[in-house]
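Chemist: Residue numbers (our numbering), protein chains in the order written: chain H, 1 to 334; chain C, 335 to 663; chain R, 664 to 963.
Quick caveat, the hints were computed from the structure, so don't treat them as lab data.
Each hint should be verified, as a subset may be incorrect.
Stretch by stretch, here's where chain C covers chain H in the computed footprint (C-beta under 8 Å, at least three residues) [stated by the list, open to error]:
#1 232-239
#2 247-255
Which bits of chain H does chain R cover? Going by a derived footprint, with three or more residues having C-beta under 8 Å, they are [said to hold, decoys possible]:
#3 99-105
#4 297-303
Treat the numbers as computed from the prediction; the structure is a model and nothing was measured.
Just so you know, even glycine gets a beta-carbon here, dropped at the ideal spot from N, CA and C.
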Amino acid sequence: MLTARYLERRVIYLFITFFIAVSINFFLPRLIPGNPVFTILLSRYGNQIKPQYLQLIESELNLRGTLWQQYVGYMSSLFLHGYLGVSFYYYPATVSSIIFSHLPWTLFLLGTATLLSVFIGVSIATYIGWRLGGKADSLISSISIGLGSLPFFWLGLIFQIVFGLMIVIDGQHLFPIAHAFSASVYPGLTFSFISSVLYHSALPIITLVLISFPGFTLLMRNTISTIINDDYVQMARAKGLRTWRIKKMYVNRNARLPIATSVALAFGSIVGGAFLVEVVFSYPGIGYMLYNAVTTSDFPLIDGIFLMITITVIIANFIVDLLYAILDPRVVLE
Amino acid sequence: MSGNELLEVKDLSISYVTRDERIDAVRNVSLTLEKGSIHGLVGESGCGKSTLATIFLNLIYPPARLVGGSLRYFGGPSGEISVLELKAPELRRYRWKEVSMIFQGSMNSLNPVMRVYEQIIDAMIDHDYTFEEAMLRVDTLLELAGISKRVKNLYPHELSGGMKQRVNIAIALACEPKAIIADEPTTALDVVVQSQITRKLESLRRDLGLSILFISHDISLVGAIADKISVMYAGKIVEVGKAEEILNTPAHQYTIALLASIPTLKSVESRISGIPGHPPRLNTPITGCAFADRCSKAQNRCRTENPELESISGDHFAACFFPGGGSNS
Amino acid sequence: MNETGFAVPDVASPPPVMKKRSPLLEFVISVWRNSKGKVGAIIYLVMIAIAIYGRFFPPYSPTDVQFSAYAPPSYAHILGTNYVGEDVFSQFVYGSSVSLMVGFTVALATMVIGTIAGISAGFLGKLTDDVIMRVVDILLVIPGFPLLVILSAYLPPTIWSTILILSILSWPFHARVIRSQTLTIRRRSFVLSSKLSGLGNFRIIVRDLIPNMLPIIFINSIFVVVGAIVAQAGLAFFGLGNINSINWGTMLYWFYNEDGILFRAWWWLIPPGVGIMLLGIGANLLSNAVSEVSGTKRQY
Ligand SMILES: Nc1ncnc2c1ncn2[C@@H]1O[C@H](COP(=O)(O)OP(=O)(O)O)[C@@H](O)[C@H]1O
Ligand SMILES: [Mg+2]
C-alpha cells in the first residue's frame, strides 16, 4: 500500500543516493594523484594556453582552494545552475547541452527495450509456467539461458553483419547499420521521420530485447513454479475457481512482485547494454557520446554522462519502488 | 448402509512419488462421513490425515498420486456421484459447492494481494451467484463466522491468526456446501481462540445441518466435539467408533497410548514426550502392525500378520490383535 | 510450517543440510552425478584446460603477423586471420587465458569481500549491519557499466585496474545474499546449540555458517566469473583497460575498430562470443545442478 510514510522514506533515499552519485563525480578526479583532467588539458593545449588563463581554467574546473571550497563550488554550480562544465572536445559546447540533445535517443532505446523485454519475458513465462517440466519448458528455458549469456555488443555486431550487410534483397540491405534516422529526412513529427527512426532503431532494440527478456522469463518461470505450490493457490483450486481466475488473480498477481524488484536491477544492466549497442550502431545516444568522450579523454563529458545516467536509473528505481508499494498491499515500510 | 451417508471413501490409497522414494501416505483407508454429523480424524503428525483430507475435493496433484480407491458423494440433487471420476468442469462445480475445506496452515491460505471480500465472492461468482448476490452474502457470511463485517475491505496481513481462521470459515461457507473438511482448524491458534473456533464449528453444524470432518492431532480436542472418531496411524485407520466408545473403552493399543498421553491436572509430567518412539517412515512397505515397535503389548504375531479392522462391539471397530486393557473410565 | 498435505513434507524431512564430514567432497561428487552439473563442469574444465595449457600448443604465436590479413578459415588457419594477419584460433586460445584469469580473480575477490561483509552484517547486526547494507544498497542502484567506465577512464589502463574495479563493484550483490542466508541459518537450532556450548563467534562462522553456505557461494561465484568476463569485454570494447593485451574483449575491440564488419570477417567475430556464451550456459547448468543437489535457490 502506498502510504505517505513510505513515500517520504523513498524520497529521502532518492536524495541520498543522488547525493552520493554526485560526490563520486566530484571526488573521483581529485583522488587520482596529479588530476588527470588538468594534466590532459595541459598536455594537449599547454602551449596554446596563455599563463594568465591557467587560473581561469582552474577555477572553471573548480580546482582552486581547499577541497571543501571546491566541493561547495561544484555543488552550488551544479544545483543552482545545472552546470556540468564545458566539453574539451566539443568546446565551447557545455556538457549539459550535449547530454540533453543526446539523452532522448538513449531513453527511447532503454524505455522501449525494457518494456518489450518485460512484456515478452513475462508472457512466455506465464505460458510455460503452467507446463513445467514439459518439452516447451525445457526448450524455452535452454534458449533463454543461451541468449541471456550473450554479450550485447557481440550480438549487435552479428546482426549488423547478417541483417545489415550479408542479406541483400533487390540490391538493398535489410536494415541500416548506423545512425538514428536517415540523412534524407528532416526531424519533425512527420511520417517519414518517425518511420525512419523506427527503422533505424529496429536492430539495436532487437539486440537489447533478445538478451534482456530471457532473464525475466527465467525469473518469472521460477517464481510461478514456487507460487503454484503456495497454500493460497491450492486453496484457489479447492474453491473450484475458473482456471483463468486462478492464473490471473492468484498466481500472476503474486508473481509480479518479484518481477517488479528485478526490473529495477535489470534496468541497470540494460543501460550498460544500451550504451554498448549504441556504439555498435553509431546510434547518437549518450552511450555513443560516452564512447567518444572516452576515446578523446573528454573528462567533463565522461563525468556529466555518468551523472545523468545515474540520475535516470535512480529515478527509474524510485518509480519502481512506488509501483511496488501500489502492487503489494503488504509493503508499508521496508 | 443406513442411507444416512454423505461421503464415503472406499479402499483409498495415496502415495507421494518422487525421484528417490515413494511414501505410502494413505494405505487402503475406508471412511464414512454421515449427514449432519461431526466426524473426528485423529493421529500423530505425519500419519497421513492431511493427505486423506485432500481426496474429498480430489486435490491430488504431483508428487501425490492416487493409487486406488473411490469416493462417493450422496448429497447431490441427482443422487450419488463418483467424485474421482468427474471430468474437469464437473469437478470444478462440485468443489466448494458440495464440499468445502479449511486447510491446515490456513494462515497461508489467503491470497496476500486480494482483499477479504474479493476472496469470499470469487468462489460464489464462479459457482453461479451473480455479483450482487455474492456481495450481499458477504456480510451474512462474516457474521456466521463470528467476525466483524468491517474486515471485508482488509488484506490478510492486517488480520490476526484467529480472524484469518474465521475468514477461512466464512469462505468455506460461501457456496452453502453440505460438508466441510476442517484440517487442523485450530492448530497454531492460542487456547482461547482455539475453543471459540471449535464452538463456532459446532454451532454451524447445528444451525446449518453441515457435516464436518474434523481433523486434529489432539484427541482431547476431537473428543470434545465429534460424534464419531477415526484414529489413524501410519496411513491406516486403526480404530473407528462412536466418540464415547473411543474415549471410554478404547480398543487399539495406539488409541490407548494416545489417550494416556493427554495431560491431566493430576499428571502433567506423564505427557511431556507423548508416546515414546517415532511412527515409521512410510517409504518402505510395512509387514504386520505398524505400531508394533512402540507397543508394550506387541507379540510375534503383531510383527508378521496384518491386523484388519474387526468389530469390537456394534459400530466400534479396531485393527488390533490384543485390543483393550486401557479403559479410561 | 507450510503444510497443506500436498506442499512440503513437514517433520519427516528436515531441510537438506551438508553433512559434517568432508562437505566439499560430497558436494562436488553429487553435483558431478547430476547430468546438468556434469555438462556444466565439463564446459568449465575444458575451458580452463584450454586457458592453462592451450598457450603451449597453439599452431602459431598469437602475435605472428606473417600471414595474409582477413583470410577466411582454411586448413592452415582453422578460424582464419585478423586485420594484420594474426591467426584467430591462436588468439582465441591465448585470449581465453587472460579472460578466464580476469573472471576467476574477480570471483575470488568478490567472494572474499562479499562473504566477509555479508556475514559481518548478518552476524553482528546493529550498526555494522546498517552501514554495510546502506553501502550495498547504494552501490546496487548506481548503474554498473557507466560506473565501470568512469572508474576505468581515471585509472591507468592495465588489466589489473580492470580486475580491481570489477572486484570493487561485484561484491554488494553477493554480500546481500550472504547476509540473508546468515540470518536464516543463524535462526536454525544447531547454530544456537553451538552458541550454548560456548563456542566463539569465529568458530560458529567457520563450523556452521560457511559449510552451509557453500552452495550459494558457489552459485554466486560462477555467475561472477561470467559477469566479470563480459564486463571486461565491454570495457575493452570501449577502448578501456589495456587494449593491447590479447583477450576475448580486445579481440572484439579490434574487430570493431579495424572494420571487421565491412570485411564481414565473421570468423574473427564469432569465437570470442561463443566462448562467453559457453561459459554462461555452463554457469547456468552448474548453478541449476547445485540448486537441485543442495536445495539452495539462486537469488536474483
Ligand atoms: N508433498 C509431499 N511430498 C512428499 N511427501 C509428503 C508430501 N506431503 C506429505 N508427505 C508425507 O506424507 C506423510 C503424511 O503426511 P500428512 O498427510 O501431511 O500427515 P498429517 O496431516 O497427518 O500430519 C508424511 O510422511 C509426509 O512426510
Ligand atoms: Mg496434516
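Chemist: Next step is simple, just say for each hint if it's right about the structure.
Modeler: Against the structure, the hints:
With 7 residues having a beta carbon nearer than 8 Å to a beta carbon of chain C, the region 232-239 of chain H meets the requirement of three or more and the stated coverage holds. Coverage of the region 247-255 of chain H by chain C holds in this model, with 4 residues showing a Cβ closer than 8 Å to a Cβ of that chain against a need of three. Evaluation of the coverage hint for the region 99-105 of chain H: breached, as 0 residues show C-beta separations to chain R shorter than 8 Å, against a requirement of three. Counting residues of the region 297-303 of chain H whose beta-carbon sits less than 8 Å from any beta-carbon of chain R gives 4, enough to reach three: the coverage restraint holds.
Against the hints set out earlier in the document, a violation occurs for number 3 only.
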